[in-house]
Amino acid sequence: MNAPDNEVVTFDNVGLRYGPDREVLSDVSFTLFPGSFYFLTGASGAGKTSLLRLLYLAQRPSRGAIRMFGTDLITMARKKLPAYRRRIGVVFQDFRLVPHLSAFDNVALPLRVSGVREEDLRKPVADMLDWVGLSHRSEDRPATLSGGEQQRVAIARAVIGRPDVLVADEPTGNVDPEMALKLLRLFEALNRLGTTVVVATHDVHLLRKVPESLIMRLDKGRLSDPTGALRYPPRPDAPRETRT
Amino acid sequence: MSMKKPPTLGRKIARGFTRFGGERAAQLLPEARLAGPMPWVIAIMVTLVVVATAGGLAMRNIAETARAELAGGATVQVLEALPQERERQAQVVEAMLGSDPMVASIRRVPDEELDALLEPWLGADSESQAVPVPALIDVRLRGEVTQAALDDLQARIATRAPDARIDAQASWLAPVFGALTSMQYLALGLVMLLSLTSAAAVWLAARSALGTNRGTIEVVHMLGGTDSQIARIFERSIGFDATMGGAVGLTLGLGAILLLGRQFAALGSGMVAGGALGWLDWVIIAAVPLAAVALAMLTARLTVLSALRRML
Ligand SMILES: Nc1ncnc2c1ncn2[C@@H]1O[C@H](COP(=O)(O)OP(=O)(O)OP(=O)(O)O)[C@@H](O)[C@H]1O
Ligand SMILES: [Mg+2]
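Respectively, the protein sequence lines represent chains P and F. Heads up, the first sequence is in the numbering used here, so the first residue is 1 and it goes up one at a time. Heads up, the second sequence is in the numbering used here, so the first residue is 1001 and it goes up one at a time.
Don't take every hint at face value.
Once the Cα atoms are required to be at most 16 Å apart in a straight line, the calculated EDC-like pairs of lysine to aspartate or glutamate come out as [unchecked claim]: (1) P:K220 x P:D21; (2) P:K80 x F:E1113; (3) P:K79 x F:D1100; (4) P:K220 x P:E23; (5) P:K220 x P:D27; (6) P:K123 x P:E149.
Please keep in mind that the hints were generated in silico from the structure rather than gathered at the bench.
Taking the hints into account, I'd like the entire structure generated from these sequences.
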């Protein structure tokens, strides 16, 4: 392994286009470090979801290289991807809860997929639902939950397996500020345990709530680096907490 | 608002080896089983295959029984209009063949038996001799009935009974055997076509299930579910449908076989009796629904896997 082991993900000149149109992402290069907390901001349509899709292995880039956990993902055999996906927790912008499964079963899904025994997952799932304030709805299906409640189920599902990387696309878009803060604390707690967190948001107030976070900004598919900490090695003088 | 440390994050949950493919996984596909047409399609297919298989096997048994009965069999006809001369020649042939080393046994077919056989065509009053009836002698040879053996016998008989003609019994039945063989091929062809149709039906069902459950599949995929795990969910669901359909189909098919069997038995024909199914045949028939389940599950698996391969 020639990649430095203190990097989680490296994008090198990545470009992405859907079909023959112009590129949605261009020349995107950055490195994510273990245990760091990133916010990905940018206007609607800037390409945040597209970048995250590359990050959670839903999509291969049109050009460029992506390395994850020290392995080249571009040349990796398709059948090796599930093992990597299990190390990534995802909160989809549109939640993607399984409609006919209860909240409990939705949260338990990643654990079941990776072979956790029923008796080992019951309590963690119940505790997690309790944490996001949904223990009373654990048997209800997503359609009967409010938007914010669905979002919390989606977040619980993303973090339940304690992933190495958490990718969250607008995870607080549908909850009140108090719940948003609480969910952010959940991400921070996970982050302190070593998970690299990437949160896409256009809520600038959120950025201030995590003082140690780094900011990636997308503008029409190009990445700017206001905190100067994305490249490897990071600039030694990179301010760790530049805030407006 | 509590800011305590979130639960369970303190330790990793042990990953086990529990296979994700059982009841839990099956719940991912809501398409209520038995509500769809799949079990009924499979039931109908299994019914038809069971009947076709039974028919094919019965046909084969009939042919085999008949062949065994006719092997070494030949018939001497004495075609002579004058009853006295016919009777004389018949007795000469009986005497000759009775002492021939090539011949195992002979039996003169009694005239009453012949009359009974011919009655439907000639009317009860065949005593009138308006149509001369040949004398018939069944001959069973020691070895195989070859043309050479028949020619040899014919030559010897002809010296003393010029109106006697010897024929292999099997040769009379050659067209019948031909028809039986064709019907066996027909049955085999039907079984193959029905299997193909069933596989196509399962393929369509799996594709439509893939379509309606696309979102769920993508999610399981993104959560690190393997192709094989996802395929197993479908396999299980369709396997369940096929099992129900197979059970119903086998029951219906057996009902049809027994009904047909009873009707053929009522005909009282010795030939049809030879078509009765042996235990091995019943095993084959019982294996039809099992094969249907296996075929359905395999088809579902291959369909799902090939669709998944198009996803990253
Ligand atoms: N599957 C797709 N096919 C074609 N174009 C797409 C597809 N997904 C996204 N795009 C285009 O790519 C661009 C970036 O979209 P993306 O969803 O990444 O933006 P975003 O930053 O997440 O926006 P938002 O903040 O509204 O969620 C948009 O112009 C969008 O129209
Ligand atoms: Mg988006």
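Outcome of the hint check:
1. P:K220 x P:D21: 14 Å, holds
2. P:K80 x F:E1113: It is violated: about 80 Å lies between the C-alpha atoms, which goes past 16 Å.
3. P:K79 x F:D1100: It is violated: about 78 Å lies between the C-alpha atoms, which goes past 16 Å.
4. P:K220 x P:E23: Distance of about 9 Å is within 16 Å: holds.
5. P:K220 x P:D27: 11 Å, holds
6. P:K123 x P:E149: 20 Å, violated
Taken one by one, the earlier hints fail for this structure at numbers 2, 3 and 6, listed in ascending order.
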